[in-house]
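Asks: These are the residues of each chain, in order.
2 protein chains.
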Amino acid sequence: MSSDADDRTGTQAAIMEATYRALCDHGYADLTIQAIADEFAKSKSLLYYHYDTKDEILVEFLSYMLDQFTVEDAIDTTDSPDDQLWSLIDNFLPASPDPEQHEFQVALLELRSQALSNEAYREQFTRADRLIKDTLADVLTAGIDDGTFRDVDVEPTVSLLASTIDGAMLRRATITGNSTAATREALAQFIEIQLLAEE
Amino acid sequence: MSSDADDRTGTQAAIMEATYRALCDHGYADLTIQAIADEFAKSKSLLYYHYDTKDEILVEFLSYMLDQFTVEDAIDTTDSPDDQLWSLIDNFLPASPDPEQHEFQVALLELRSQALSNEAYREQFTRADRLIKDTLADVLTAGIDDGTFRDVDVEPTVSLLASTIDGAMLRRATITGNSTAATREALAQFIEIQLLAEE
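Line order of the protein sequences matches chains C and G.
Just so you know, the first sequence maps onto residues 993 to 1191 in our numbering.
Just so you know, the second sequence maps onto residues 993 to 1191 in our numbering.
Note that these hints are calculated values from the structure, not bench results.
Source: prediction; values computed, not measured.
Ideal placement from N, C-alpha and C gives every residue a C-beta, glycine not left out.
Don't take each hint at face value.
Unchecked claim - With beta-carbon atoms standing in for the labels, derived distance ranges:
#1 C/F1096 <-> G/A1021: 40 to 50 Å
#2 C/D1138 <-> G/E1111: 44 to 54 Å
#3 C/T1070 <-> G/A1021: 25 to 35 Å
#4 G/L1123 <-> C/D1071: 35 to 45 Å
#5 C/D1082 <-> G/A1033: 52 to 62 Å
#6 C/D1071 <-> G/A1005: 20 to 30 Å
#7 C/D1145 <-> G/D1145: 50 to 60 Å
#8 C/D1068 <-> G/I1185: 49 to 59 Å
#9 C/T1070 <-> G/I1185: 42 to 52 Å
#10 G/K1036 <-> C/G1002: 55 to 65 Å
#11 G/T1070 <-> C/E1064: 52 to 62 Å
#12 G/Q1181 <-> C/E1064: 30 to 40 Å
#13 C/S1055 <-> G/M1057: 50 to 60 Å
#14 C/S1072 <-> G/E1009: 51 to 61 Å
Claimed, not checked - Now the stretches of chain G that chain C is said to cover, found in silico as 3 or more residues with beta-carbon under 8 Å:
#15 1024–1032
#16 1049–1063
#17 1115–1122
#18 1126–1140
#19 1176–1186
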């Protein structure tokens, strides 16, 4: 990679990092390009030169996060398939998110609500859903192949898991007094009864 | 009820009906009090007199809908508990919503995203979640009592059903090409394997 490209990559990473911090601090509604620029140490003019609206930056932020995602970061592929499945559930639906995780999940849901009417956001969340479903499907298929899981239908099982995780996140963020404990308990029963092969 | 109270009730119902139509037509972001007034046949001054912001009307709209909800409208309590459970799933997560149902579900999700940061919306969605969970719990409990369902833990089962329904709705509305067919198929398997008692 040329040093020009290195600079570009370094600058983009720094902008995306600033976007993450600004989003956690302000949420979607109160976010401005200025708030992102305030978090960005170098060349603010670069930021204003490249982006006209906060939505442009945020859509690129979603795309950048998806580009960075690797299965190897999300799960330890030397673990057993049922441990890998729980790693994914813990990752997407933590039992007790720390304050930063919580702020970020709320911000992501605010961005997701833009996908209700904005095609550029919708594209990124469609890509995210595909990535999550593919990862879950890989873990399930590996578990079926090595005898950890029963020979279940992968597509509906993955859809149930993805819907349950998304819904539990939405409920925790929009409903007072709601935790994900009961949903996680029901997921544990589902895995025990419907997924895990008999000993 | 006095005829004054009748008038008030009639006017409120007419305002709420106008709000429903304006919300389906414009969605949350583009909704204005004027758009609601345009759908409201009588006394527009009354509308402007009572409400300062669209959020005031919309929070009252959610509250009004919840006041109108009766279990008897949602399910036929003479049906068997498993038919009642499917009536609820069909109601909240229709396989193929008609265009008006779809517009309204998208609008409801837009209102729900306001609950991420607005306490008045959050109160109404907390009430809605409690109502849905209580209704599901009543159906499950009746089914356990009459032997239709196994003696499952009601609270986690209800949380799984509510999360799955909410997540499938969110995914259908924010992800291109997503239907609820696979999630509904997995719910059918869940009910068959984990809920229904052995013959």
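Asks: Against each hint, give a clear statement of whether it holds in the structure.
Replies: Structure-based check of each hint:
1. C/F1096 <-> G/A1021: 40 to 50 Å: violated (23 Å)
2. C/D1138 <-> G/E1111: 44 to 54 Å: holds (49 Å)
3. C/T1070 <-> G/A1021: 25 to 35 Å: violated (47 Å)
4. G/L1123 <-> C/D1071: 35 to 45 Å: Holds - the Cβ-Cβ distance for G/L1123 and C/D1071, about 41 Å, lies within 35 to 45 Å.
5. C/D1082 <-> G/A1033: 52 to 62 Å: This hint holds: roughly 54 Å between Cβ atoms.
6. C/D1071 <-> G/A1005: 20 to 30 Å: With Cβ atoms ~58 Å apart, the hint is violated.
7. C/D1145 <-> G/D1145: 50 to 60 Å: violated (25 Å)
8. C/D1068 <-> G/I1185: 49 to 59 Å: violated (30 Å)
9. C/T1070 <-> G/I1185: 42 to 52 Å: violated (31 Å)
10. G/K1036 <-> C/G1002: 55 to 65 Å: holds (57 Å)
11. G/T1070 <-> C/E1064: 52 to 62 Å: holds (55 Å)
12. G/Q1181 <-> C/E1064: 30 to 40 Å: Roughly 31 Å apart at Cβ, these two residues keep to the hinted range, so it holds.
13. C/S1055 <-> G/M1057: 50 to 60 Å: Hint violated: Cβ distance 37 Å, outside 50 to 60 Å.
14. C/S1072 <-> G/E1009: 51 to 61 Å: Holds, at about 56 Å.
15. 1024–1032: With 0 residues close enough to chain C, the hint is violated.
16. 1049–1063: violated (count 0)
17. 1115–1122: holds (count 4)
18. 1126–1140: violated (count 0)
19. 1176–1186: holds (count 7)
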